[in-house]
Amino acid sequence: MALVDEADARQRRQMKMSPNGNDKTVYRVDLPSYHADCDANYLRLLRLLPELSEREQWYYLIPGGSLKLRVVARSRYTTEVSLGAEVNLSESRWLESPNLTARLYHDARMAEVIAVNGCGPVGGKGVDASYPNPRMQRADERPQANRFLSEWLEYCLANGRAEFQLVLDGRKI
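All letters in the sequence shown, in the order written, are residues 153 to 325 by the numbering used here.
Each hint should be verified, as a subset may be incorrect.
[Stated by the list, open to error] Computed beta-carbon distance windows for the label pairs: (1) G216 to H187: 29 to 35 Å; (2) E306 to D182: 17 to 23 Å; (3) Y211 to D259: 26 to 32 Å; (4) A225 to D182: 26 to 32 Å; (5) A314 to N251: 39 to 45 Å; (6) A310 to A188: 15 to 21 Å; (7) E303 to H258: 21 to 27 Å; (8) A314 to D182: 33 to 39 Å; (9) A225 to P250: 19 to 25 Å.
It should be emphasised that the hints constitute simulated quantities derived from the structure, not laboratory data. All values derive from a computational prediction rather than experimental measurement. Ideal Cβ positions, reconstructed from N, Cα and C, are used throughout, including at glycine.
Work the whole structure out from these sequences, hints included.
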């Protein structure tokens, strides 16, 4: 609970009156915190993606469902990975399964969310400051998505089990 209160206090400090004196608030990005989340996400993803340069997909069993990670695109300095959760049928009627796309920047050793449930880019200058807006996004959507990814990866690392297929004599078991 203290972590949530601390994040709310930090966000309130970042909001201030606009320079022209009207009531419109301006969102200020906490760049050190954002970069720390991106750094941690990169390290967590590398732990969940062994043999990243050779493999295309990974599956992990987590309580209540499974996690599927799939390489979407590769380039010299970046890799895009899709992360999707499949929830057990009894639990899926209450919540939509999250589906994130993250870009790993290998030269900077950072990872950030670039799309949530297929809608991207997340946040940024293109977000209409008024709320509600056509995309129903807040100004701090990008840091929130990266914080969610951070918590989700931490949960998967703590509770997940790798799912793999045994191959004996060329037959999958």
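Going down the list of hints, with the structure as the test:
1. G216 to H187: 29 to 35 Å: 32 Å, holds
2. E306 to D182: 17 to 23 Å: Since E306 and D182 have Cβ atoms about 20 Å apart, the given range 17 to 23 Å holds.
3. Y211 to D259: 26 to 32 Å: 28 Å, holds
4. A225 to D182: 26 to 32 Å: 29 Å, holds
5. A314 to N251: 39 to 45 Å: 21 Å, violated
6. A310 to A188: 15 to 21 Å: 19 Å, holds
7. E303 to H258: 21 to 27 Å: 23 Å, holds
8. A314 to D182: 33 to 39 Å: 35 Å, holds
9. A225 to P250: 19 to 25 Å: 20 Å, holds
Violation of the numbered hints given earlier is confined to hint 5; every other hint is satisfied by the structure.
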